[in-house]
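Peer 1: Sequence positions in the sequence shown follow the working numbering and run 1 to 203.
Please keep in mind that the hints were generated in silico from the structure rather than gathered at the bench.
All values derive from a computational prediction rather than experimental measurement.
Heads up, the beta-carbon is just placed ideally off N, CA and C, and yes, glycines get one too.
Among the hints, a few may not be true.
[Said to hold, decoys possible] Distance condition first, Cα-Cα at most 27 Å in a straight line; then the derived DSSO-like pairs of lysine-lysine: (1) Lys107 - Lys117; (2) Lys91 - Lys101; (3) Lys117 - Lys100; (4) Lys101 - Lys117; (5) Lys107 - Lys93.
[Claimed, not checked] Simulated DEER-style distance windows between Cβ atoms: (6) Ser112 - Tyr147: 45 to 51 Å; (7) Tyr147 - Ala195: 14 to 20 Å; (8) Ala156 - Ser128: 35 to 41 Å; (9) Asp136 - Phe185: 36 to 42 Å; (10) Ser128 - Ser92: 51 to 57 Å; (11) His97 - Asp124: 56 to 62 Å; (12) Asp150 - Glu118: 40 to 46 Å; (13) Ile123 - Asp183: 58 to 64 Å; (14) Ser162 - Ala129: 38 to 44 Å; (15) Ile123 - Glu157: 39 to 45 Å; (16) Asp191 - Thr166: 16 to 22 Å; (17) Asp183 - His149: 24 to 30 Å; (18) Glu157 - Asn178: 21 to 27 Å; (19) Asp191 - Arg132: 38 to 44 Å.
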Amino acid sequence: MEDDHIDLTRGADLMQADDDHTTMDYPVPDLYFLSAHASRDMEVMQSCAFSHMSEGLSKRKIEDIEKVLAIYNRKPANAWLQILEVVDDEKSKEIHHLKKKNSSLRKSCEASEAPVKEREEEIDNLRSALARAQHDVVESYKASAEYQHDLYAYGAESMSASISLTKEWIASEHPGVNSQGFDRFLARRRDLEQAVEQDGADD
Numbered sequence: 001m002e003d004d005h006i007d008l009t010r011g012a013d014l015m016q017a018d019d020d021h022t023t024m025d026y027p028v029p030d031l032y033f034l035s036a037h038a039s040r041d042m043e044v045m046q047s048c049a050f051s052h053m054s055e056g057l058s059k060r061k062i063e064d065i066e067k068v069l070a071i072y073n074r075k076p077a078n079a080w081l082q083i084l085e086v087v088d089d090e091k092s093k094e095i096h097h098l099k100k101k102n103s104s105l106r107k108s109c110e111a112s113e114a115p116v117k118e119r120e121e122e123i124d125n126l127r128s129a130l131a132r133a134q135h136d137v138v139e140s141y142k143a144s145a146e147y148q149h150d151l152y153a154y155g156a157e158s159m160s161a162s163i164s165l166t167k168e169w170i171a172s173e174h175p176g177v178n179s180q181g182f183d184r185f186l187a188r189r190r191d192l193e194q195a196v197e198q199d200g201a202d203d
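Construct all of the structure, not just a fragment, from the sequences and the given hints.
Peer 2: Quick look at the structure:
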């Protein structure tokens with residue numbers, strides 16, 4: 001510690017000697033000694049200053065970091081809000097577009113259903129007219145002479161067929177029975193049927 005102390009009395013003696021215009025022998029100041037102590041004092045001052053500055057900078061850095069972190073913490077939330085707003089806007093546009101499309105399709109369906117209903121009514125009318133026409137044709141045929149002729153002819157043919165089958169059955173089951181009466185009757189029936197058919201052809 002004694003080496004670190006600078007003897008200031010030596011400087012005072014030098015100043016006093018100059019004032020008295022006297023000469024005296026004194027040792028030359030040790031410039032290296034003074035420079036070393038000055039450098040050491042400067043280092044101490046710089047160390048103290050840097051320590052204070054670094055502490056302030058550290059505090060400032062911490063505050064800045066906290067601010068930056070707060071900003072970055074808000075950024076995701078703001079980003080999500082922006083994304084949600086964009087998505088909500090897009091969904092709203094999409095829903096509006098779908099509503100317009102649905103309304104257009106409904107109008108188109110209503111417009112296309114009108115001809116379909118008209119065609120269905122026309123088809124129903126045609127079916128009713130066809131049913132009435134069939135009924136009218138049948139009734140008209142029943143009232144005609146053709147129907148009476150056909151009915152008689154069908155009846156005669158069925159009767160002749162029945163007699164023929166009866167004759168065959170009697171011949172097979174009762175061979176002793178004379179079937180000439182059936183033959184004469186069937187001959188007369190055939191002649192009558194031919195006469196009726198000829199009359200129908202002439203008409």
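Peer 1: Evaluate each hint against the coordinates.
Peer 2: The hints, checked one at a time:
no.	hint	result
1	Lys107 - Lys117	holds (15 Å)
2	Lys91 - Lys101	holds (15 Å)
3	Lys117 - Lys100	holds (26 Å)
4	Lys101 - Lys117	holds (24 Å)
5	Lys107 - Lys93	holds (21 Å)
6	Ser112 - Tyr147: 45 to 51 Å	holds (49 Å)
7	Tyr147 - Ala195: 14 to 20 Å	holds (19 Å)
8	Ala156 - Ser128: 35 to 41 Å	holds (39 Å)
9	Asp136 - Phe185: 36 to 42 Å	holds (41 Å)
10	Ser128 - Ser92: 51 to 57 Å	holds (53 Å)
11	His97 - Asp124: 56 to 62 Å	violated (40 Å)
12	Asp150 - Glu118: 40 to 46 Å	holds (43 Å)
13	Ile123 - Asp183: 58 to 64 Å	holds (59 Å)
14	Ser162 - Ala129: 38 to 44 Å	holds (42 Å)
15	Ile123 - Glu157: 39 to 45 Å	holds (42 Å)
16	Asp191 - Thr166: 16 to 22 Å	holds (19 Å)
17	Asp183 - His149: 24 to 30 Å	holds (27 Å)
18	Glu157 - Asn178: 21 to 27 Å	holds (26 Å)
19	Asp191 - Arg132: 38 to 44 Å	holds (43 Å)
The earlier numbered hint that this structure contradicts is number 11, and it is the only one.
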